[in-house]
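Undergrad: Assembling the complex is the task here: the two chains are given apart, and the hints tell you how they should meet.
Below are the chains, spelled out letter by letter.
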Amino acid sequence: MNYNWNWGIFFEQSPEGTGSYADMLLSGLVWTIVTALCAWVIAFAVGSVIGVLRTLPSRAAQAIGNAYVELFRNIPLLVQMFLWYFVLPEMLPESWGTWLKQLPNAPFYTAVVCLGFFTASRVAEQVRAGIQALPRGQRMAGTALGLTTAQTYRYVLLPNAYRIILPPLTSEFLNNLKNTSVALTIGLLELTARARAMQEFSFQVFEAFTAATIIYIVINLLVVAVAGLIERRVAVPGR
Amino acid sequence: MFSNFDFSVILNSWRYLFFDGMAFTLTLTALAAVGGVVLGTLIAMMRLSSVPVLPQIAKVYVNFMRSLPLVLVIFWFYFLVPYIGQWIIGAERPIQVGAFSSSLITFTLFEAAYFSEIMRAGIQSIPKGQGAAASALGLTYWQSMGSVILPQAFRNMLPVLLTQTIVLFQDTSLVYVLSITDFLGAASKIAQRDGRLVEMYLFAAVVYFAVCFIASLLVRRLQRRVAIIR
Chain A
1 MNYNWNWGIF FEQSPEGTGS YADMLLSGLV WTIVTALCAW VIAFAVGSVI GVLRTLPSRA
61 AQAIGNAYVE LFRNIPLLVQ MFLWYFVLPE MLPESWGTWL KQLPNAPFYT AVVCLGFFTA
121 SRVAEQVRAG IQALPRGQRM AGTALGLTTA QTYRYVLLPN AYRIILPPLT SEFLNNLKNT
181 SVALTIGLLE LTARARAMQE FSFQVFEAFT AATIIYIVIN LLVVAVAGLI ERRVAVPGR
Chain P
240 MFSNFDFSVI LNSWRYLFFD GMAFTLTLTA LAAVGGVVLG TLIAMMRLSS VPVLPQIAKV
300 YVNFMRSLPL VLVIFWFYFL VPYIGQWIIG AERPIQVGAF SSSLITFTLF EAAYFSEIMR
360 AGIQSIPKGQ GAAASALGLT YWQSMGSVIL PQAFRNMLPV LLTQTIVLFQ DTSLVYVLSI
420 TDFLGAASKI AQRDGRLVEM YLFAAVVYFA VCFIASLLVR RLQRRVAIIR
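So the protein sequences, as listed, match chains A and P.
Take the first sequence: its position 63, counting from 1, is numbered 63 in the numbering used here, and each next residue is one higher.
Just add 239 to wherever you are in the second sequence, counting from 1, and you've got the numbering used here.
So here's chain P without its partners, still in its complex pose (with noise of 0.2 Å):
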């Protein structure tokens, strides 16, 4: 079964595969991340405040994002993004945007409806009398949030935000369809230009089976100290 396979093509072509491809993966998705957990947490606080209009926008906004594959979402961004910065920036035909910010953008905003979800769950665990509390002692909405709520929300939900990241770094692959040049657009590349499709897919799969397995191990100490704690 292995005895005409060819690992030199993975030794040659590792620095590409990594240096270029996995840095591509691991910047997109710690930068997603950031920008998702983000913009999750002002769309949870949205969902919780009790200004009127809000909480629907952002159930809206969370129920539509969940709803489409993110295939779909990408090929959407990846086309939109040059109108919308056309009509931001007010030019007269619409701006060139890299593969790398419109993935960003993608994900970002796709990840930010899952992350608002977990988020919500966060700051619903806080007991509602610390709210009261806060208020009682004189912060303000953002001040309470700040200090009080979403220190101890994050806290609760970092095993889980955690995994969501996982779940992000497994879906980056999927910038695939625009033929970007991530790890496995990489790896996809060497395959085709080599002819050795069985020994890069496969190799694909251990790297990304080695790195979310680990960081799921990890991730599952941690929530085991987390839990001593409170």
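Bound-form chain A, shown alone (with noise of 0.2 Å):
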């Protein structure tokens, strides 16, 4: 291969004169982690309701539920990206879409809000695979209590359906941050767009992707250790 290696690269200046191409790669995945725990927040919260929402016994709320999930799995992620992007503006009222296009950092919201519900869909699924793998009396021994449904959920299915789909969990959140780079598509400079930026610039390909492999594996194995943490810090005793 005549390819011309030069790990010293990282340390040169980017072009960009904002640091060397070590700070900028730096900086990609600062982003790709901030773009992903915001995302996870908003994933996390709309799919327990929605994951709820297909439990529950009213016909109208599974419905609105199954709807959801359809809807945010069959559309392509890029494609999602570009609608709540290039769409979204225009189809509000003007002055809205106006607000929306001039606001500073706008690919880093829409990205946000749009791995946010797409990663909803995939975390409902889980939080609905959880709650009905629960025996069936848990719930009607919640009722049998006197608690409202409500209160079963909070104090009974919920607490046992995390615990069981902690694992397929911890995937759905890696998967949310390896999409953070379908963002560089809209312009967020997380730590794909970074890397291919610096085979841009600097021409030297191969160190760039290496780098970027490097990283994200190192946060895979980071996420994977810490959910095993939190998975054996939340055990019931004695299961």
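Rather than coming from a laboratory, the hints here were simulated on the basis of the structure.
Heads up, some of the hints might be wrong.
[To be verified] Quick look at which bits of chain P chain A covers, simulated, 3 or more residues with Cβ under 8 Å:
(1) 304-317
(2) 414-423
(3) 449-463
We put the CB at the ideal spot given by N, CA and C, even for glycine.
TA: Structure below.
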């Protein structure tokens, strides 16, 4: 392979004038993590609500939950990104649209909202599966003790369901983290975008992508380790 | 809201969208799915084999691919494949690889990691006694895999494999980052040429939704049929 390796490239100044190429990748990493965490807050909250809706006795609630999941799962994430970024401002009343378009960091907010609602549909699937995996007796026992439906969910079903679905939720979180890279198409300067920019400025393709690859793998390992800690922490003793 | 909608832009471009764009998307999906399942099955067999080192290699490959974002992998192969090609055929310079072959290689190798996890579950769903019975009858490893275990594993896992193919169909939209004219790429080009982003992106979303929704309904029907037979 006649490729000129230059691993020192990371310490060279990037043409953006804001530091070395290594700084550039690190700033990308920060955006990736911040976006993933903010999106996860939305995904977890909305996903839990939708997941619960799908397990309620009410037919209407189930239909709403199912419709949400079908809608968000059957459109590619990239198309959803474009819908939020390019289409939504045009569909709103003009003053709102203008405000949205002039928002500083618009790619970031768009990515957070888009990823949040997208991942919520996946979290909802897991929450529903977790609740349905519980023995029916738990819900009945809750009712027999005089708990309302809301109390049954809050004190009986959800605490158990979340414990069951912790491993799949971890992999959804990792998917969410990897999916932040799709936001480079709307201009979010996250890790993959920065590696790509570094490649364009310096022509050191493989160094740039190797660095990004290693960073992604390290974050993955960290997340898996933290999830393991949480799992042990919240495990019900004696089970 | 829809008052200044211009539907004529869709009418004027639907041939291009479907015959150029969607044809690319569907071809890529079909070929990558077939390649991914074949390679994925081989990786799953490596993962479950008793030959030393093979399971570790398979595990590293799968975990490696699964911890990277697809967009990064697309970029990786786009730049790497010309060099690998040069290395294989011993050419003077990095060889020219078309956008289609580059994305086909990417998706096959990337999806193989996901398909292999499905096939691993499929192979493990077959009772151990069947493999033992096959070798007691004198079948070799490849015979027992080919005529006893894999056919049943495929059948059990068919709905999951098809669901993953729907995911793959959606994922192919990411070739957009290489400016390839897949369905979304075509929609995006028309959108930018005519300044009709709203119409084109909404139309693309509707088409993707319709295809994926109908396909997943069909998979669910198939799942019920498979379930009855078992």
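Undergrad: Can you name, in rising order, the numbers of the hints this structure does not satisfy?
TA: As far as the earlier hints go, not one is violated by this structure.
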